[in-house]
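Line by line, the protein sequences are chains A and B.
The numbering used here runs 173 ahead of the 1-based position in the first sequence.
The numbering used here runs 173 ahead of the 1-based position in the second sequence.
Hints are computed from structural coordinates only; laboratory data are not their basis.
If you're wondering where the values come from, they're calculated on a predicted model, not measured in any experiment.
Heads up, a few of these hints could be off.
One copy or two, either will do: identical chains are not told apart, so a pair holds if it fits within one copy or between any two.
[Unchecked claim] Mimicking BS3-like on lysine-lysine, the simulated pairs with C-alpha atoms at most 25 angstroms apart in a straight line are:
1. Lys593 <-> Lys242
2. Lys603 <-> Lys593
3. Lys448 <-> Lys593
4. Lys406 <-> Lys585
5. Lys357 <-> Lys298
6. Lys298 <-> Lys242
Now for the letters of each chain:
2 protein chains.
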Amino acid sequence: MKPLKVGLLGFGTVGSGVWNVLQRNQGEISRRAGREIVITHVAARAADGSLERARAQCGGATVLDDAAKIVRDPEIDIVCELIGGTTVARTLVLEAIAHGKHVVTANKALLANCGTEIFAAAHGKGVAVAFEAAVAGGIPIIKALREGLSANRIEWIAGIINGTSNFILSTMRETGASFAEVLKEAQRLGYAEADPTFDVEGIDAAHKLTIMAAIAFGIPMQFDKAYAEGITKLTREDIRYAEELGYRIKLLGITRRVEGQGIELRVHPTLIPEKRLIANVEGAMNAVLVKGDAVGPTLYYGAGAGSEPTASAVIADLVDVTRMHTADPEHRVPHLAFQPDQLSAIPILPISEVYTSYYLRLRVLDQPGVLADITRILADQVISIEAFLQREATHGEDEVDITILTHLAIEKNVQAALAKIEALTSVRGKGVLIRMEGLL
Amino acid sequence: MKPLKVGLLGFGTVGSGVWNVLQRNQGEISRRAGREIVITHVAARAADGSLERARAQCGGATVLDDAAKIVRDPEIDIVCELIGGTTVARTLVLEAIAHGKHVVTANKALLANCGTEIFAAAHGKGVAVAFEAAVAGGIPIIKALREGLSANRIEWIAGIINGTSNFILSTMRETGASFAEVLKEAQRLGYAEADPTFDVEGIDAAHKLTIMAAIAFGIPMQFDKAYAEGITKLTREDIRYAEELGYRIKLLGITRRVEGQGIELRVHPTLIPEKRLIANVEGAMNAVLVKGDAVGPTLYYGAGAGSEPTASAVIADLVDVTRMHTADPEHRVPHLAFQPDQLSAIPILPISEVYTSYYLRLRVLDQPGVLADITRILADQVISIEAFLQREATHGEDEVDITILTHLAIEKNVQAALAKIEALTSVRGKGVLIRMEGLL
Numbered sequence: 174m175k176p177l178k179v180g181l182l183g184f185g186t187v188g189s190g191v192w193n194v195l196q197r198n199q200g201e202i203s204r205r206a207g208r209e210i211v212i213t214h215v216a217a218r219a220a221d222g223s224l225e226r227a228r229a230q231c232g233g234a235t236v237l238d239d240a241a242k243i244v245r246d247p248e249i250d251i252v253c254e255l256i257g258g259t260t261v262a263r264t265l266v267l268e269a270i271a272h273g274k275h276v277v278t279a280n281k282a283l284l285a286n287c288g289t290e291i292f293a294a295a296h297g298k299g300v301a302v303a304f305e306a307a308v309a310g311g312i313p314i315i316k317a318l319r320e321g322l323s324a325n326r327i328e329w330i331a332g333i334i335n336g337t338s339n340f341i342l343s344t345m346r347e348t349g350a351s352f353a354e355v356l357k358e359a360q361r362l363g364y365a366e367a368d369p370t371f372d373v374e375g376i377d378a379a380h381k382l383t384i385m386a387a388i389a390f391g392i393p394m395q396f397d398k399a400y401a402e403g404i405t406k407l408t409r410e411d412i413r414y415a416e417e418l419g420y421r422i423k424l425l426g427i428t429r430r431v432e433g434q435g436i437e438l439r440v441h442p443t444l445i446p447e448k449r450l451i452a453n454v455e456g457a458m459n460a461v462l463v464k465g466d467a468v469g470p471t472l473y474y475g476a477g478a479g480s481e482p483t484a485s486a487v488i489a490d491l492v493d494v495t496r497m498h499t500a501d502p503e504h505r506v507p508h509l510a511f512q513p514d515q516l517s518a519i520p521i522l523p524i525s526e527v528y529t530s531y532y533l534r535l536r537v538l539d540q541p542g543v544l545a546d547i548t549r550i551l552a553d554q555v556i557s558i559e560a561f562l563q564r565e566a567t568h569g570e571d572e573v574d575i576t577i578l579t580h581l582a583i584e585k586n587v588q589a590a591l592a593k594i595e596a597l598t599s600v601r602g603k604g605v606l607i608r609m610e611g612l613l
Numbered sequence: 174m175k176p177l178k179v180g181l182l183g184f185g186t187v188g189s190g191v192w193n194v195l196q197r198n199q200g201e202i203s204r205r206a207g208r209e210i211v212i213t214h215v216a217a218r219a220a221d222g223s224l225e226r227a228r229a230q231c232g233g234a235t236v237l238d239d240a241a242k243i244v245r246d247p248e249i250d251i252v253c254e255l256i257g258g259t260t261v262a263r264t265l266v267l268e269a270i271a272h273g274k275h276v277v278t279a280n281k282a283l284l285a286n287c288g289t290e291i292f293a294a295a296h297g298k299g300v301a302v303a304f305e306a307a308v309a310g311g312i313p314i315i316k317a318l319r320e321g322l323s324a325n326r327i328e329w330i331a332g333i334i335n336g337t338s339n340f341i342l343s344t345m346r347e348t349g350a351s352f353a354e355v356l357k358e359a360q361r362l363g364y365a366e367a368d369p370t371f372d373v374e375g376i377d378a379a380h381k382l383t384i385m386a387a388i389a390f391g392i393p394m395q396f397d398k399a400y401a402e403g404i405t406k407l408t409r410e411d412i413r414y415a416e417e418l419g420y421r422i423k424l425l426g427i428t429r430r431v432e433g434q435g436i437e438l439r440v441h442p443t444l445i446p447e448k449r450l451i452a453n454v455e456g457a458m459n460a461v462l463v464k465g466d467a468v469g470p471t472l473y474y475g476a477g478a479g480s481e482p483t484a485s486a487v488i489a490d491l492v493d494v495t496r497m498h499t500a501d502p503e504h505r506v507p508h509l510a511f512q513p514d515q516l517s518a519i520p521i522l523p524i525s526e527v528y529t530s531y532y533l534r535l536r537v538l539d540q541p542g543v544l545a546d547i548t549r550i551l552a553d554q555v556i557s558i559e560a561f562l563q564r565e566a567t568h569g570e571d572e573v574d575i576t577i578l579t580h581l582a583i584e585k586n587v588q589a590a591l592a593k594i595e596a597l598t599s600v601r602g603k604g605v606l607i608r609m610e611g612l613l
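Only chain A is shown next, with the shape it has when bound in the complex (with noise of 0.2 angstroms):
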């Protein structure tokens, strides 16, 4: 079957991110749509230093500076509008869908705030326009609502999504800092913008935070209701009150249904009890709690912003349509993700071949010489030891309880290390292993 052949708009951070994940993941990529999916052309500005980027890195495409080219180009499937603003890209994606193709956008104050436009002209022409990218980055949090929780009543929304704030307040309770010196230490690491309004004025929040509403009242794009309230008149000494009185400061966009009245459409500072697990999330990464009637609360996590997170989400949505485009509507999206054919036969490992870290508690004789015996049966199967832990037993008064974790291990060499140590007479009953996983 033929390639499905996509316009790249835009070779900034994400557009560069697309190329590489779908250069690196083709193989992966295509036994899931069941064709491949090639980026044919790419368009970016000179001004930027992107053409050259674009023309160095992306060899076999066509790269030119002319981006309302490719939307006409009768060649291409699917364009990607990845430049971002209101102006251009909304003139190209117009054109795009004039011309009969499926647009594929990270852009949320372009959905935001000309989505009713956008989505008519694409119903239309009988054309999809995807944008799992445009909220929260990689999180498919657009799926989740529009497919996987269609069965609620979507009570409320609940989100962190904008990672430049959340970095911002994370670090400004870590550090006792004030927003200003944060803001600049964030502006030298890249996580906030020379001119950083949209991210901490609320701005961009309340774009991703009306495309949300829409989609779970099913209400039109209605940015210009939305209250914006960013995170630059928070101090310091609130977010230390906040603390002590139970609870931390998030920036959050909330939307709820108000029986009778209305929707609550809102992004500000909020102060949220610290047992949550979503004010326990750091850095840049985002998180969006929904409360659905049937399902209860479901929460989603990750990286909202950055070149590869949102490629992720960019390319889905190529998956997506090149299924949508490619088999019969029963096969659309396979059952095991991977196209029946393309199955593979790569073995399960048995337990004994695992490697991991363990928990190892032994019950000694509290004498000399205990653990030397111990230790040299760890060493003599590779096993080297990370922390160790001495406590008094419960049960026997000459017994202890040892504990020892370990450094990555092969399985079949712990259990073996296990076995000897068992044996020894200064070593009471069974031992306990847990598996360890540090989850990085």
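Go by the hints and put chain B onto chain A.
Quick look at chain B alone, frame taken from chain A:
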């Protein structure tokens, strides 16, 4: 358009949840699906009382004790299998497929053991088998893995995917009680079954993990090669020692791609650093952490079992199948989740009409009567106080910071009160107002 007709097999906890949610949210669900979804037939058993319950509850549907009749009924479009197990359910699912019906199932044991056979049959007949409810209840994790993260090379998945075990481990840690004691309590509360083997021995989690691994890595179902170790041997000592070392013990299902070697597929108690979000998933809740090469770590959290959370996933599958068969491909999933002619005109509320709680901070002169003035103004605006904190201000020796947390109040009253408070001669400068949300 004619309604889509569903035959429900099994009327236990989940079956009755599906009926209830579909009734309650019929309007909203139809606006999303583009077509009415109606349960026309219900099969239940006299032996366990479900037949009688179905007859009492399912007005309008044909209730019968012969499931085999339903899977052959030419009137029925989708068969919803909620019986469980791998014997009767397998026969019925295969027969439904043979009769050209789509199948929606919540049956993880069936898929983990017989998935290959079932998907091949479905592929041959051109029908869909949807199974979002089979893993992690109401959390749309199948959709996230299969569609949302399709750009990624999945590196690993680690999930708390058995609510019973997580409830027991959470309670053991909180109360210091033994496994046997907490199991008894869990059985009394309905969190554990009379025969808890499948849950506490890790078998249920291994079923779910097998399904996730197949989707993540594009491999066939291989439950027979999964390693499953449960929580029955965990002692309170190990939970306490783990905590002293900075870890929590969770029953995790872990599947990981080991480059050039194979796939790990294992369920066992696992120490994880207490700072990880997933370490703080308590009670019967589920959470799945997925690491993709492009998106990085993403986490999905919610209720992993229960009548309505599971029904949420079952009905989402019904909506998916309905959308697939109703609209042209481009409009399968409407841009804003609801069909474009079904958007709502419900208004957006201005911030002045929002009800929430508030954090108010005021800098006041440290003199008698100030607090009385402030609390009187609040009371006049029907604002009641939940908590109060007084601290020495950082500037001004005769001034103090007063922080007040309010109960629910309407924003316009709070703003009015704040203006009056700021006008008091004993109050210095502007007050700080930050909104508060409990998020429950």
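We went through each hint and held it up to the structure:
1. Lys593 <-> Lys242: neither (72 angstroms within a copy, 61 angstroms between copies)
2. Lys603 <-> Lys593: So Lys603 and Lys593 pass the 25 angstroms test inside one copy only (11 angstroms; across, 71 angstroms).
3. Lys448 <-> Lys593: neither (44 angstroms within a copy, 34 angstroms between copies)
4. Lys406 <-> Lys585: Between copies only: 21 angstroms across chains, 57 angstroms inside a chain, cut-off 25 angstroms.
5. Lys357 <-> Lys298: Neither way: Lys357 and Lys298 sit 47 angstroms apart in one copy and 61 angstroms across, limit 25 angstroms.
6. Lys298 <-> Lys242: within (20 angstroms within a copy, 44 angstroms between copies)
The structure fails to meet hints 1, 3, 5 from the earlier list, while all remaining hints are met.
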